[in-house]
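With the sequence shown counted from 1, adding 62 to any position gets you our numbering.
Please keep in mind that the hints were generated in silico from the structure rather than gathered at the bench.
Note that this is a predicted model, so its numbers are computed, not measured.
Some hints here could point you the wrong way.
Pairs of lysine-lysine, DSBU-like flavour, derived with a Cα cap of 35 Å [said to hold, decoys possible]:
(1) K277 - K312
(2) K297 - K329
(3) K135 - K277
(4) K246 - K126
(5) K216 - K337
(6) K216 - K293
(7) K229 - K246
(8) K266 - K379
(9) K135 - K354
(10) K135 - K322
(11) K354 - K312
(12) K360 - K293
(13) K277 - K369
(14) K216 - K386
(15) K216 - K198
(16) K266 - K344
(17) K126 - K369
(18) K297 - K379
(19) K198 - K379
(20) K118 - K312
(21) K379 - K126
(22) K329 - K277
(23) K268 - K198
(24) K198 - K135
(25) K293 - K268
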Amino acid sequence: MIRKSVVMAGMVGLWMAGVSAMGADVPSFTIAVSEYPSWSGTFLTACDIGLIDGTKGGMGPIEKRWNVDIVVKDTDYDSCITLFVNGNVDAACLTNIDSLAPSVTRKAVAILPTSTSAGADACLVQPSIASVEALKNVVVRGLAASVSEYTFDKGLEALGQNAADYKFENLDPVQVGVVLQSGKIDAGVTWNPVVMETLKANGKLKRLFDSSLIKGHIIDMVTASRVSLAKEGGKAFACALVDTYYTVCKLMDNEATRDKTLTSMGKRFANLGLKDMRVIVKETQFYSTPEKGLALFKGVELPAVMKDHILPWTIRKALVDEGKRPNIVFGDDAAAQLCFDPQYIEAATRK
Numbered sequence: 063m064i065r066k067s068v069v070m071a072g073m074v075g076l077w078m079a080g081v082s083a084m085g086a087d088v089p090s091f092t093i094a095v096s097e098y099p100s101w102s103g104t105f106l107t108a109c110d111i112g113l114i115d116g117t118k119g120g121m122g123p124i125e126k127r128w129n130v131d132i133v134v135k136d137t138d139y140d141s142c143i144t145l146f147v148n149g150n151v152d153a154a155c156l157t158n159i160d161s162l163a164p165s166v167t168r169k170a171v172a173i174l175p176t177s178t179s180a181g182a183d184a185c186l187v188q189p190s191i192a193s194v195e196a197l198k199n200v201v202v203r204g205l206a207a208s209v210s211e212y213t214f215d216k217g218l219e220a221l222g223q224n225a226a227d228y229k230f231e232n233l234d235p236v237q238v239g240v241v242l243q244s245g246k247i248d249a250g251v252t253w254n255p256v257v258m259e260t261l262k263a264n265g266k267l268k269r270l271f272d273s274s275l276i277k278g279h280i281i282d283m284v285t286a287s288r289v290s291l292a293k294e295g296g297k298a299f300a301c302a303l304v305d306t307y308y309t310v311c312k313l314m315d316n317e318a319t320r321d322k323t324l325t326s327m328g329k330r331f332a333n334l335g336l337k338d339m340r341v342i343v344k345e346t347q348f349y350s351t352p353e354k355g356l357a358l359f360k361g362v363e364l365p366a367v368m369k370d371h372i373l374p375w376t377i378r379k380a381l382v383d384e385g386k387r388p389n390i391v392f393g394d395d396a397a398a399q400l401c402f403d404p405q406y407i408e409a410a411t412r413k
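Build the full structure now, drawing on both the sequences and the hints.
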């Protein structure tokens, strides 16, 4: 019995060594994900329901399909930007706005559009603020030099106002909700789930305007490092992310699995219930099929938005130096700082 145990232990040891060796041959890549319907709601949900494993060394069916190990790092949005800029992750869930500045020092490729904000970012105010013009007399707070300030500036422009006449100061998006609820500030810009939770917590607060005024400007994406994509397994990593995203979207769009999927997504988005998630996915409009994603990356609207709105705004906010503005390409160009490249959607959907 003792001899048999030793032999079995040796066999198990050899088997485990073989597994480790096999695992070592599988390239591993990391993506940073923050709380947002089309980010945490898809990639973390994919981990929860077993589509991908999301941890180092573990592999779900989609990872096995593409022979790549995906490590999903769950963090806040600011950290996603920092981790990508510093080269600590291979990809991150970032908006088109926040992909621009990092690309100046780290060439980036937008491999997948996930959604556009169509009301998910909002300017909330105290009941004493009766009009947009009344905001000229107060300080509006939100995440500066990022999505919140862009929503504020461009929302004002859409309403015929000059953003230069208003004052905007930096404050963490979650804290915006907290101090609005307590009445410590008059106005703030934040995004869901904070918008929804804040309006529920204090029924006197009101939504003055939101990103529905500028639908198609703020594009939520998966942005990858060009260097990472060029590594062995880099393209498979990108394709696996695309595959994961559209697999969750199929479950969300299928009437038979929609409610169950939205409930699972809600657990990864402020633990919201089904009723709230039905609202959330209306205010955050998903590019839920390859056809929708390709139409955006290959169409004429996004290039115009980037050229006429996003890039000038980032220069004006000193996020990008006028003399070092990134070269933006729609397609594949190794010399460009930022590419919006449809090839990964096409490759993932061909397999």
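Hint check results:
no., hint, verdict
1, K277 - K312, "holds, 23 Å"
2, K297 - K329, "holds, 30 Å"
3, K135 - K277, "holds, 28 Å"
4, K246 - K126, "violated, 51 Å"
5, K216 - K337, "holds, 30 Å"
6, K216 - K293, "violated, 38 Å"
7, K229 - K246, "holds, 17 Å"
8, K266 - K379, "holds, 33 Å"
9, K135 - K354, "holds, 27 Å"
10, K135 - K322, "holds, 24 Å"
11, K354 - K312, "holds, 13 Å"
12, K360 - K293, "holds, 26 Å"
13, K277 - K369, "holds, 16 Å"
14, K216 - K386, "holds, 24 Å"
15, K216 - K198, "holds, 15 Å"
16, K266 - K344, "holds, 23 Å"
17, K126 - K369, "violated, 39 Å"
18, K297 - K379, "holds, 34 Å"
19, K198 - K379, "holds, 19 Å"
20, K118 - K312, "holds, 26 Å"
21, K379 - K126, "violated, 44 Å"
22, K329 - K277, "holds, 26 Å"
23, K268 - K198, "holds, 17 Å"
24, K198 - K135, "violated, 40 Å"
25, K293 - K268, "violated, 49 Å"
Hint check: violations occur at hints 4, 6, 17, 21, 24, 25; the rest are consistent with the structure.
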